[in-house]
Amino acid sequence: MNPDLGWLSDPAVFRVNRRDAHSDHVHYRDEKEAERGRSSFFHSLDGQWDFIWSATPEEREKDFHRPGFRSRRIGKIQVPGHVEIQGHGQVQYINTMYPWEGREMLRPPMVPHDNPVSQYIRRFDLPARMAGQRIILRFDGVECAMYVYLNGQFVGYAEDSFTPSEFEITDLVRERGNRLCVEVYKRSKASWIEDQDFFRFSGIFRPVYLYSIPSCHVDDMWAKTDLMRDESGTFSLRLRLSYGDPSFRGRLEYRLGDLVSGSLDLDASVTSWQSEVFAIPFVGQYHYRAPKLYDFSITVYDDAGDVVEYIPYRIGFNHIEVENGMVMYNYHRIVICGVNRHEWSPSGGRSITLDDMMRDIDLIRQARCNSVRTCHYPDRVEWYSMCDEAGIYVMAETNMESHGSWQKNSAVEPSWNVPGDRPEWKDLVLDRCVSNFELLKNHTSIIFWSLGNESWCGECIQAMNDYYKSVDDGRLVHYEGVFHRPEMKSSVSDVESQMYAPPQRVRRYLEKDGSKPFLLCEYMHSMGNSLGGLKEYDDLFDEYLGYVGGYIWDFIDQALYRTDEATGERYLAYGGDFEEKRSDYEFSCNGIVDAERNVKPGFQEVEAVYGNRLW
Amino acid sequence: MEIVFGDVSLGVAHDGTHYIFAYDKGGLDSLEKDGREYLYRVPYLSFWRATTDNDRGNGFSKRSAMWMGADLFSDVVSFEATIDGTQLTGHDLVAPSNNALLDSPLRHAGAMSITFRYSTCTEPKAGVEVTYSIAEGQDGVRVDYSYEGVPGLPELPVCGMRFVLPFRIDSYEWDGLSGETYPDRMYGGRSGHFVQEGCPTCPYAMAQDYGMHMETRCLDMMAGDRHLKVSAVDGGTFNFSVLPSSPHELESAWHPVDLPVYRRTYLTIAAAVRGVGGIDSWLSDVGWQYHVDSSMNHRTCFTIS
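First to last, the protein sequences are chains A and B. Heads up, the first sequence is in this note's numbering, so the first residue is 1 and it goes up one at a time. Heads up, the second sequence is in this note's numbering, so the first residue is 616 and it goes up one at a time.
Do not take every clue at face value.
With a Cα cut of at most 27 angstroms, we get these calculated BS3-like pairs of lysine-lysine [what the hints assert, rightly or not]: (1) B:844 - B:677; (2) A:581 - B:677; (3) A:408 - B:677.
Hints are computed from structural coordinates only; laboratory data are not their basis.
Could you put together the complete structure from these sequences and hints?
See the structure below:
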């Protein structure tokens, strides 16, 4: 297939040669290597890359991926990182309006002419330990559409900025002198459904790496558990396998702590496998106050008995369901004291480090929260394991928001909403659900799949809801936007989700309707000097069994370091400080912590209200 | 204590502190302890807080904009004093009537008070009365603040007095609630003794009101060898903020970094404070029980020493 710029505006094309999504397990050479925590199957490509930036597609270097390409325009850029923060193109914060507001008149799926192109070039040699093996190239996050080339050949195309994209490059990669070229577009039709309330960036902003696949590899696993009312548990394992060596013969062993173990014989004909459902007489529950996790492992042996790969994972047992108008967690009514979290750093924007994430976990615990909503995209994949360990329940959101397509200047006006009922968008948005689910399905901390945020409601969202329901009977589905289409409420979302409802509106729902448990997916807008009245929401827990709780908006201010030209002093700049138009200005700063992660004054209120309720 | 019947002011020397009440400026113009001055100007009547994001979002500042002017400008209508039980009108105190006081025994008194009446620069006008009292056996000066409401004015963001201290402070300590508290955000405030090092800078990305402390029993401000104490009276409490900027400086700044260099300290003692709200930042009002009704009376009292 030849790459085509028409894909950018064609809803039917959103992945070309991109591998199917799979679980986020990491494979190691053996148990010892896993204990050290660095897999030698992996090779990072992060660092300084060659780079050409063009304001429009016409200005890009069309031959940059061809061998022998030379240009004086080539500069350097740090990967991962947004290109705007590194001096290429406009930094812009805007909420619901599309970023081209007032500059170009467009309707979905049109793509603006103002569409900066980032062309990345990375030379690499294959590490000796990877030579001769199947090689996968993986991007953890690229905003918002990319064409990938290796050694002059087209590799593939992907969108979905916040989801890993993998390409198999076994046939194209050489041992030495590889030239990886990535052409990243700031805008595509996906921009219509990536209209989250945030700074609008582009580029390769999460890690990039290669990994190799040994002679036999677990491509995908689902270690599925359930907790029964009598504290017994069930466990089953589903595997998808592939083989670097078609003549492979060997064995796979799996073990869940001291609870379950088993094995199966393998040859290249075994590409999928499903275990029986094991019943375990007693398991410790996974609970925010006691986030008990069991060590799970898979070991693949070859026929000589040598370890081919070793996969560790941490698995817990919980049970979530809706019963009698309440959300029940481990057979008790759940109480969600949550916070929405954007990924943020004042120096890197949404390109954050593991240290940033560890600090977020600590602060979220310090605020006494028991749940986080990944507004409104999948986070860096490491986040979910951190939440597993910390006992922070996760609402895992699909990467979707099309706010500007149905709400204009605060008025509800869905005349050209996407994805809406448009059949040509259905596969695209469903792919985002598949990626979210397949990547994250093993994380015990995830209790809700969310269809994204503020995208109105229609047949596409119905299909997303139905997809999650069809693949996972152990978690609930959340979506707020059906609020605007009450006739669809019976078939979309397991909970009545609203945002910024005053306490009286919550009461009215629970007293007058009450057909579903009530959740505030966003409440207590913590912009500036705010968080007044938090306690009044807390009182709802005592008044109504159907009140599930809510997620404060939000965790961290979105502001970037900038230097005051008059004084040379560094300060935290918000929307509009980059002279970008249009912008929603200071509306980017709604955190319970500031952009530098200092707790804001209202933090002690969250600590006290959530602390008294939960701990 | 010694009373000085000036032509334009009333001086009081008591317990090592010298006070000058200015008839023309309408209030306490000087508080001098150990040869150091503690006041830059007579206190402002405080009617404004720098618009918070929620105030802007729900339109409060637009509805109540009249109070912003009233905060900057006020009108002294009258004043009178009582010294050892003798009532002296404004007329009695100024020239030439004060000639009669040259040999008065009131120049050495056991107790004095002086009351200033103000009219707010609003339409309609509300009244404010501030009484300063000093007595033998009492520490410092007691201040009784009383706002007398009238119907027809918009709701108040805050209502009290603002003292401008002509120096920077090193720290302050208070007995009351931890952290920053407002009427609708006090649940998380723990009761105790707390220390703030330095004068607190604006913790919000967009400059706006901050730093209120509700239900305080005692406040101590330290500035080099200067020390100023505010205490509650008769087991009551007061609300205060100590900021390096005026509400108008904060109102005009986009970022904390835009604010003027910290030179002087703004101590606000508030009889009433509007809640900050939180339901959203674009529509919802602050809970009704946290509004400050301008047709009601609002009072506070405290001593400064």
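Which hint numbers doesn't this structure obey?
-> Of the numbered hints, just 1 does not hold.
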